[in-house]
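Student: Listed below are the residues making up each chain.
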Amino acid sequence: EAAVTQSPRNKVAVTGGKVTLSCNQTNNHNNMYWYRQDTGHGLRLIHYSYGAGSTEKGDIPDGYKASRPSQENFSLILELATPSQTSVYFCASGDVGWEQYFGPGTRLTVL
Amino acid sequence: AQKVTQTQTSISVVEKTTVTMDCVYETRDSSYFLFWYKQTASGEIVFLIRQDSYKKENATVGHYSLNFQKPKSSIGLIITATQIEDSAVYFCAMREEDTNTGKLTFGDGTVLTVKP
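Top line first, the protein sequences correspond to chains A and B. Counting in my numbering, the first sequence runs from 1 upward without gaps. Counting in my numbering, the second sequence runs from 1001 upward without gaps.
It cannot be assumed that every hint is accurate.
[As the list claims (entries may be wrong)] Over 10 Å on every C-beta distance to chain A, these chain B residues come out as not near it, computed from the model:
hint	residue
1	Thr1007
2	Gln1008
3	Ile1011
4	Asp1022
5	Phe1068
6	Pro1071
7	Asp1086
[Stated by the list, open to error] Restricting the straight-line Cα-Cα distance to at most 27 Å, the calculated cross-link-like pairs of lysine-lysine (DSS-like) are:
hint	chain 1	residue 1	chain 2	residue 2
8	A	Lys65	B	Lys1003
9	A	Lys57	B	Lys1003
10	B	Lys1055	B	Lys1003
11	B	Lys1070	B	Lys1056
12	B	Lys1103	A	Lys57
13	A	Lys65	B	Lys1103
[To be verified] To give an idea of the interface, some chain A residues facing chain B are shown, with a C-beta separation under 10 Å as derived from the structure:
hint	residue
14	Asn31
15	Tyr33
16	Tyr35
17	Gly40
18	Tyr48
19	Asp59
20	Phe90
21	Glu99
22	Pro104
FYI, nobody ran anything at the bench for these hints, they're computed from the structure. The structure presented is a predicted model; accordingly, all values stated were derived computationally and were not measured. Beta carbons: idealized from backbone N, C-alpha and C, even for Gly.
Could you put together the complete structure from these sequences and hints?
Tutor: What follows is the structure, encoded as structure tokens:
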């Protein structure tokens, strides 16, 4: 079965600090995605990647960067974290045309 | 731009009954893909079922089935013989075919509560 893991699972950061969220998939999927989910809402796409070395902007990329150093790993980087970035972040992997498989999520609180 | 709307914020049903959750979408594409996901109380997001727009038959997986009404841009999720463990948040999502990104657009979700 599909396996997507995320670390850390919970993170408390200070305003202005740098935060890196990591994602690893063992599905050998080409595409990976970062979403955020705010209370009472669905998921919104931040960044995605077609494969190692590629990153693309999603629907809400401002304030975030992404890095895909390998097929398996995809990171989301908040260079200067702000309280408005407090949310739950989900990573997913999938091939085009097929469903996406999600990680367990990372709860980020920016104080 | 594509948009997915789930108008039912929450639904409560009695165990072993059938429930239908609504979802309508907007797209300019003639070909697209529709998905339903379930988010459990622990936060886990699980894929349930998909419908390809060019298929006339409604998809069925286990006790999940879809009511796809293309002229109405509607894709309802039907859960038969509901169980307590079906209590969760259900999300509808859409992917347009003319993108190679596989990007999904999600609705805001419907909270389903199944009571004994």
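Student: Are the hints correct? Go through all of them and say.
Tutor: The hints, checked one at a time:
{"no.": "1", "hint": "Thr1007", "in the structure": "holds, 13 Å"}
{"no.": "2", "hint": "Gln1008", "in the structure": "holds, 13 Å"}
{"no.": "3", "hint": "Ile1011", "in the structure": "holds, 15 Å"}
{"no.": "4", "hint": "Asp1022", "in the structure": "holds, 15 Å"}
{"no.": "5", "hint": "Phe1068", "in the structure": "holds, 16 Å"}
{"no.": "6", "hint": "Pro1071", "in the structure": "holds, 24 Å"}
{"no.": "7", "hint": "Asp1086", "in the structure": "holds, 19 Å"}
{"no.": "8", "hint": "Lys65/A <-> Lys1003/B", "in the structure": "holds, 25 Å"}
{"no.": "9", "hint": "Lys57/A <-> Lys1003/B", "in the structure": "holds, 18 Å"}
{"no.": "10", "hint": "Lys1055/B <-> Lys1003/B", "in the structure": "holds, 21 Å"}
{"no.": "11", "hint": "Lys1070/B <-> Lys1056/B", "in the structure": "holds, 9 Å"}
{"no.": "12", "hint": "Lys1103/B <-> Lys57/A", "in the structure": "holds, 11 Å"}
{"no.": "13", "hint": "Lys65/A <-> Lys1103/B", "in the structure": "holds, 17 Å"}
{"no.": "14", "hint": "Asn31", "in the structure": "holds, 5 Å"}
{"no.": "15", "hint": "Tyr33", "in the structure": "holds, 8 Å"}
{"no.": "16", "hint": "Tyr35", "in the structure": "holds, 8 Å"}
{"no.": "17", "hint": "Gly40", "in the structure": "holds, 7 Å"}
{"no.": "18", "hint": "Tyr48", "in the structure": "holds, 6 Å"}
{"no.": "19", "hint": "Asp59", "in the structure": "holds, 8 Å"}
{"no.": "20", "hint": "Phe90", "in the structure": "holds, 7 Å"}
{"no.": "21", "hint": "Glu99", "in the structure": "holds, 4 Å"}
{"no.": "22", "hint": "Pro104", "in the structure": "holds, 6 Å"}
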